[in-house]
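Listed in order, the protein sequences are those of chains A and B. Each residue of the first sequence is one higher than the one before, starting from 323 at the first, in our numbering. Each residue of the second sequence is one higher than the one before, starting from 22 at the first, in our numbering.
One or more hints might be untrue.
[Stated by the list, open to error] Calculated cross-link-like contacts (lysine-lysine; reagent style DSSO-like; alpha-carbon spacing at most 27 Å):
id, chain 1, residue 1, chain 2, residue 2
1, B, K190, A, K847
2, A, K597, A, K576
3, B, K212, A, K849
It is worth saying that the hints were derived from the structure and are not from the lab.
Okay, here's what each chain looks like letter by letter:
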Amino acid sequence: MKLMLLGDEAVARGGMDAGISGIYAYPGTPSTEIMEYVQNSETASENNIFCEWSANEKTAMEAALGMSFAGKRTMVCMKHVGLNVAADAFMNSAITGVNGGFLIAVADDPSMHSSQNEQDSRYYGKFAMIPVLEPANQQEAYDMVFHGFRLSEKYKVPVMLRLTTRLSHSRSAVKPVKPIDQKKILLPSDPRQFILLPAIARQRYRVLLNSQRDFESESENSPFNSLSEGSDKSTGFIACGLAYNYLMEVFGEKKLDHPVLKISQYPLPRHLVEKIKNECAKLLILEEGYPLVEEMLRGYPVYDHKITGRLDGTLPRDGELNPDHVARAAGFSVKEGLQVPSVVKNRPPSLCKGCGHIDMYNALNVVIDSFGAGSVFSDIGCYTLGALEPFNAINSCVDMGASITMAKGAADAGLHPSVCVIGDSTFTHSGMTGLLDAVNDKSPITVIIADNATTGMTGGQASAATGRIENICAGIGVEHDHIRIIDPLKKHHFENVAVIKEEIEYKGVSVIIARRECIQAVMKKKKAAG
Amino acid sequence: MKTNIIIAGVGGQGILSIAACIGMAAINSGMYLKQSEVHGMSQRGGAVLSNLRLSDTEISSDLIPLGQAGIIISVEPMESLRYLPWLAEDGWLVTNTTPVKNISNYPEMEELLAEIKAVRNHVVIDADEIARKIGSSRYSNMVVLGAAVPFIGLEYRSFEDGIAGIFEKKGRDVIEMNLQALKAGYKVSGKMV
Ligand SMILES: Cc1ncc(C[n+]2csc(CCOP(=O)(O)OP(=O)(O)O)c2C)c(N)n1
């Protein structure tokens, strides 16, 4: 039997078939469909596989580490910038090591299709000194989950599975294998393994350092890394992950008579790299992401000029690769079709017709106009589209939660008004702690929580505190009189303007919850009801 | 046999259903398939596309190289032109004429049609109008697919099976409407070429 799966779904299915007891995640494009596949699977619910969204990537990572502590296989999934949020837990999990198999699936977004940056998670893998797997296709994504768990349990180490947008969101046939049963509860054999007091942490770190040679030899013998011979040694190719496909595409029916090293498991297989480097006059390094391998092979301070790739301009320095980049870099001509005519205009994403964020921004803009524009901090979600025409309503979008804390800092500096707009899911992800800072310091900020009762931008996942936002704000210490709830509808425009104006004039922390259910969620419910 | 297809439209127009239907038809015909999709931010009313590759031999790249798409299937006229650099010299452009005007600088229809007609092989249909006659403009995506069927290289029947497969859970009526839409599009382009 073959299944047609997205790369993300192949990872999810691999996890289910490899006997995970739970999967933890916070949504983020292009990683979201991993968790969603498990949530939609009947087999997963029959087998009681835990599959609820976490409040953020850090809580997800830590909960998964706890499941591993208990001896069970588990997976944690996130987008690349989510790993920044989870980085403390992530780096330290490499030192504690794991008990049950622990796989960290991270999906990078080169070209920033839906992200603030295009950071390459392989650097995190190298930083933490753990094995990293980088599938080239959907079948490998599936198979690598099994391989990753074996590695993780053999060396008691977390293993990273690195995906990129193009594989995460591309579908192809996957052949599954017979599922494995879940593990039983089994405590770590060393009861102090997870206690990172300095004396123990130093020991654990040495264990990690001593494993490096083993990790390298695993890469050397990995079924996912291979060196194929070729008699034309003028150029050799090192192709990492997905980039391997583009190389194969470019040569197509033409004979590829050059040495090719396919890399899908890190740390780099030293001997294989040495071999291709020594026998070829020039190397072209193909990587989907930052030039990690290229940088390593080039060396410092003396550049090795036989190494080519993104750093010497043979390939573009940024953005995702495609078959045309690789064709040109390999010396082939590209036969482009017709030019895009100039009548074709950009079509950026926009807020849906009937979205509450529209009415919230229309009201906010009226008030801000009376003060002068430039001091509305915002955050990440559908409401970030308030940056575009016709609203031009916000002045920042940096990382989840940053709207509240940046508004606080600006208010501390004396900026007035200092307003922020944050979504409900973003608020529970990383906004609550910043609000506590503001309350403690009585910083004069106005926090607008655009509460559409869902995690909209990523497709409408459950939001962590639906219906409880005002209680959370009160619990944090926002004064009762300055927690206001408005209904962002056209018919309430003038009342809403008045509320926003009042609260901006208040010289303390106020929270305005603009509450109206996401229109997409409403329509979905209507459809389901028939 | 190898067919590279670009499916274009605006987020929310149902291009993934077109892709899924062709995908199902290809799998049932024993072909290899790679289908790259846009998920995420652009689905909020932005320009979206899907790269679909069918072949009787294994496929390497998920993305179609420039100048190698045999067909561009577009459910929106301006979007049909956005991916012309990928269209092969002898490729076909199949597009709906009903515009989605969610930007303030949307071009004049005559200008768009002139550019579309400048492409050597093109099929231009008002899929929304045809779908409305069947019952609802909701089915316009399947009308466009029907119009593209003659250029894909798979049997018409396999698309009918594809529709039955992907809309299975939605019930008999939905399948029936989609089949009618497919047929209406197929007839129109059959007359045009
Ligand atoms: C650290 C991090 N995790 C995840 C994301 C992906 N992401 C972007 S917006 C968003 C959802 C925001 O939901 P909400 O705040 O409720 O706003 P809405 O989109 O519903 O308006 C998510 C999960 C991200 N950009 N950064």
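Given hint A/K849 paired with B/K212 - CA-CA distance at most 27 Å: Distance ~36 Å between B/K212 and A/K849 Cα, so the pair is violated.
Holds or violated: A/K597 to A/K576, with C-alpha atoms at most 27 Å apart: holds, 25 Å
Hint consistency between B/K190 and A/K847 [alpha-carbon to alpha-carbon, up to 27 Å]: Measuring from Cα to Cα gives roughly 17 Å; hence the hint holds.
In this structure, the one hint that does not hold is number 3.
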